[in-house]
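Quick note, the sequences are listed as chains A and B, same order.
Residue numbers are given in our numbering: position 115 of the first sequence equals residue 773, and the series is strictly consecutive.
Residue numbers are given in our numbering: position 5 of the second sequence equals residue 100, and the series is strictly consecutive.
Note that these hints are calculated values from the structure, not bench results.
Treat the hints with caution; some may be incorrect.
To be verified - Cβ-to-Cβ under 7 angstroms is the rule here; a few derived chain A residues that face chain B:
#1 L708
#2 N731
#3 K790
As the list claims (entries may be wrong) - Okay, derived cross-link-like pairs now, DSS-like style, lysine-lysine, Cα gap no bigger than 27 angstroms in a straight line:
#4 B:K157 with A:K689
#5 B:K190 with A:K772
#6 B:K182 with A:K727
#7 B:K169 with A:K790
#8 A:K704 with B:K153
#9 B:K196 with A:K704
#10 B:K169 with B:K153
#11 B:K169 with A:K711
#12 A:K742 with A:K689
#13 B:K141 with A:K790
Claimed, not checked - If you want the footprint, here are the derived chain A segments under chain B, 3+ residues with CB under 8 angstroms:
#14 716-728
#15 739-745
Here the structure is a predicted model, which means the values were calculated and not measured.
Backbone N, C-alpha and C define an ideal beta-carbon position, used for all residues, glycine too.
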Amino acid sequence: MERKSKITAENGKQEITITRAFDLPVELLFKAYIDAEIVEQWMGTKVLKLESKRHGCYQFETTDPMGNKHGFNGTIHEFEPNQKITRTFEMEGSNFPVQLEFLSFEKQSESTSKLTMHVIYKSVEVRDNVLKLPFAQGINMAHNRLEEILFKQIK
Amino acid sequence: MKLRRDVFQAIADPSRRAILLLLATQSMTAGAIASNFNTARPTVSKHLQILTECDLLKQEQKGRAVHYHLNAEKMKVVADFLEPFRKMWDDRFDKLEDIMKSYEPKK
């Protein structure tokens with residue numbers, strides 16, 4: 659079974675699809691999305707609010723390695739236990755517009771499941787920039803490390 | 096002074112992507128590249144200049160002619176830009192799986 663996460667991002671489209679197969683019953687996979695304590699652990703974020711129900715909302719707060727706090731929030735539009743969550747996602751204090759996420763949870767067998775995350779962005783440009791975020795951060799981090807090493811050598 | 100260019104902006108243009116594709120298997124002169132397009136020669140030159148400025152292409156002097164070829168290293172960076180995003184989610188999902196495998200419902 660292919661367990662790696664797959665990303666489909668076609669050129670010129672304002673959407674992406676992330677799929678991943680889990681060695682977990684669908685109930686446990688779903689639980690990891692609705693239990694605040696568990697979300698905190700695997701998303702590496704603080705959960706300020708998580709109302710897992712239709713018209714509910716959530717608020718996360720992440721602290722980056724420099725100690726800066728970043729807020730994320732969204733509203734839950736559809737909620738069907740062990741099947742789907744439809745929600746919005748917003749990065750507070752960034753220029754990125756809100757994105758729409760369709761999460762579907764599928765039972766594959768008694769002990770395996772599959773998650774499909776279909777994300778719609780406001781435009782093709784926004785999508786491409788969001789996809790490049792970790793890439794850009796990676797490059798910046800590499801630069802910072804390089805600067806650190808050089809700086810140490812100068813001293 | 097040369098303008099610093101964004102690689103991703105450079106490859107967002109269909110003509111420039113076509114040029115990169117053309118050069119994937121061989122190095123070519125500007126004239127040979129231009130003969131593959133219906134656009135005016137200066138337009139192709141402009142595209143070549145942009146691609147060169149952002150390091151996707153390299154120029155090589157061969158006798159009197161300048162040949163263009165792909166800068167494989169830079170191309171790899173562009174091809175891999177989705178990988179950190181995929182890896183970020185993969186790491187999160189790995190963690191999720193680990194946590195839930197040892198999950199015991201609270202009484």
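Which numbered hints are broken by the structure, listed smallest first?
-> Failing hints, ascending: 1, 2, 4, 8, 11, 14, 15.
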